[in-house]
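Turn these sequences into a full structure, and let the hints steer you where they fit.
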Amino acid sequence: MNFKIMPKAAFPGWVNRLRDHHRVVGPKQKHGQYVFDVIDDVADLVLHYSNSVLPPKKYLVPQKEVLLNYRLDGSHLEIATEPEPTVILGVHTCDVHALKLFDRIFSQGFTDQHYQAHRESVTLVSLECLETCSANSFCRDMGTASATDGFDLHMIDLGAAYAFSVGTEKGADLFKGFHQVFDALDSDLAVINETLQEKWGRFPYRLDFDVQEMPELLKASFNSALWDELGQKCLACGSCTQVCPTCYCFDVTDEVDLLLEEGQRVRRWDSCQIHEFAMVAGGHNFRERLAARQRHRFMRKGKYQMDAYGMVGCVGCGRCARACLAHITPIDVMNELYVRSQAEEAPALAGLMEAPL
Amino acid sequence: MNMLLDEVKQSDSIYMPIPARITAVTTLTAQEKLFTIELPHELCLNHEPGQFVQVSVFGVGEAPISITSSPSRSNGTFELCIRKVGDLTNVIHRMERGALLGIRGPFGRGFPIERFRGKDLLFVCGGLGMAPLRSLVNEVLDDRGNYGRVILLYGARQPADLLFQDELAQWQARDDVEVHLTVDCPDEGWNRCVGVITRLFPEVEVDARNTVAVVVGPPVMYRFVLKELKKLRIPKGNIWFSFERRMKCGVGKCGHCQLNHVYTCQSGPSFNFAELEFLEEAFS
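Heads up: the protein sequence lines correspond to chains A and B, in order.
Read in order, the letters of the first sequence are residues 1 to 357 in my numbering.
Read in order, the letters of the second sequence are residues 1 to 284 in my numbering.
Everything labelled a hint here was simulated from the structure, so no lab data went into it.
Because the structure is a prediction, the values reported are computed rather than measured.
The reader is advised that the hints may include incorrect statements.
[Said to hold, decoys possible] Heads up, simulated SDA-like pairs for lysine to any residue below, C-alpha to C-alpha not over 25 Å straight-line: (1) A:Lys100 - B:Asp12; (2) A:Lys58 - A:Asp254; (3) A:Lys219 - B:Ser267; (4) A:Lys170 - B:Asp12; (5) B:Lys33 - A:Val280; (6) A:Lys64 - B:Lys9; (7) A:Lys219 - B:Phe283; (8) B:Lys9 - A:Arg119; (9) B:Lys236 - B:Asp175; (10) B:Lys9 - A:Glu131; (11) B:Lys119 - B:Lys33; (12) B:Lys9 - A:Asp251; (13) A:Lys100 - B:Lys236.
Below, the structure written as structure tokens:
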């Protein structure tokens, strides 16, 4: 693989140069947590961070996005999305995997040009995680603790320098006119390999089964009593889906100004955990029960997205566990489903073993 | 003529409605009105029976509405049967001839009428289900020679709620259409069946192997009708349903209309039972 090496001392200068032509965003510390925000001062950028409160999806599918601007008298109607060129720095690889799923979702069938416009305006500089970033994350299990594509540039912290793997031409362009990057030497490659090899020991497995088994496990658990138990605990606040890097469901509403002259068609993050999510005009609710809504969330993550898009819909970041006021965590839920499935399977398997050949 | 959906796709946003004009408004019942819609010059809808459009009023919002006119009778204009049930539909009900609406679509998968050819058709309809079903019924009747028997079972809450009563009378007058009606609450003049839609099944005999059933109505009806259709031994792949869900975007993105992993706005709203059998949420 082709790597570029940048001494750490040169890094702030590089970020400042990026700011000439881009909005540069990256992880910052805020009230003891980390958030992606605009970097006005390189000193604010924190590259050794635990998962951000919200994933960087907010720059591709904003919490509130105006789709159309119009005048109510019909004299004016225009598409509103005009994204600015943005470099997102320091994206953890779980979030890179999440955006790969978004790329599929928003282009399969009908292309969502609003997402596309944001996507094209963004240059993604991801960061190799060298240790698990929270007790809730299970990226090792989900296969998202590293990434081979989906980024424009990918950084590895080598201590004294950063190694960059170039994913796309858009990524390579970020080095244009900047001279303090070097082609990696064999000695650099040795350090890179050593760094990568050492990291895996710092990522514990937290699921009791392999991710490949997850869709089947969920399929077999559709009628599990666990969903009712989760329904008893869940507060239907929707926090889990707001912080989830692979959740993108949205609502569309019209907003008009006080003079009733101009209006906007707006999309906002929505949540399948909210009571009204699957309710139709007339009042019928296709997911009235909390248990059904919790089940739908876990099914989407572990099975449905695989069925629809060929990728598991959870990247193991653990943000939903941290955000949940009722302490519902995907690690506990998945492991509990697994334990119960084993308990059910055991007698059947035992029978199989005893059967004469 | 260019197709409306191509026009929508070619704009820079799949969420951009195309302006269309209301050319006629007919009151059908206390709750439902029929709107005739004209698309801009040189645009046609080119829909399949069972498909829907996203209808919007700027300043109010957007909602999915089934197309009630058949492709065979949608030359330049098409019809929407709209029940006054939410914010948007209440506003639309106050609109008059000449008013503009925004239209995107047609979206979703309609009924595969080419597969219905040569078969006996059993239409099972509850309430507002007649809105999408009428498109299919008229498409079939305008090409009558290509189908076998046409049987309609239609239930409504009360006689006054039956939709398209003029056409219903015409269908009943024909000797090549078998119409069976039922209502929950009869009035004094009602001398036909009383009760839920399944009460009509004893009146019907079908050649199961050659029958396609098409079921459109409120969600609660489907489980019970399915039981009757299984009793008649109609093959799974020939039992068709329309699954109306909360289709917010119409293009398989917003997530509201999902049935397990399936977006009903894309893979549906029409599904046959062989496809639905393994979607646990379909009849729950």
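Structure-based check of all given hints:
no.	hint	in the structure
1	A:Lys100 - B:Asp12	holds, 23 Å
2	A:Lys58 - A:Asp254	holds, 21 Å
3	A:Lys219 - B:Ser267	holds, 21 Å
4	A:Lys170 - B:Asp12	holds, 23 Å
5	B:Lys33 - A:Val280	holds, 19 Å
6	A:Lys64 - B:Lys9	holds, 23 Å
7	A:Lys219 - B:Phe283	holds, 17 Å
8	B:Lys9 - A:Arg119	holds, 19 Å
9	B:Lys236 - B:Asp175	violated, 29 Å
10	B:Lys9 - A:Glu131	violated, 45 Å
11	B:Lys119 - B:Lys33	violated, 32 Å
12	B:Lys9 - A:Asp251	holds, 21 Å
13	A:Lys100 - B:Lys236	violated, 37 Å
Of the hints listed earlier, those the structure fails to meet are numbers 9, 10, 11, 13, in rising order.
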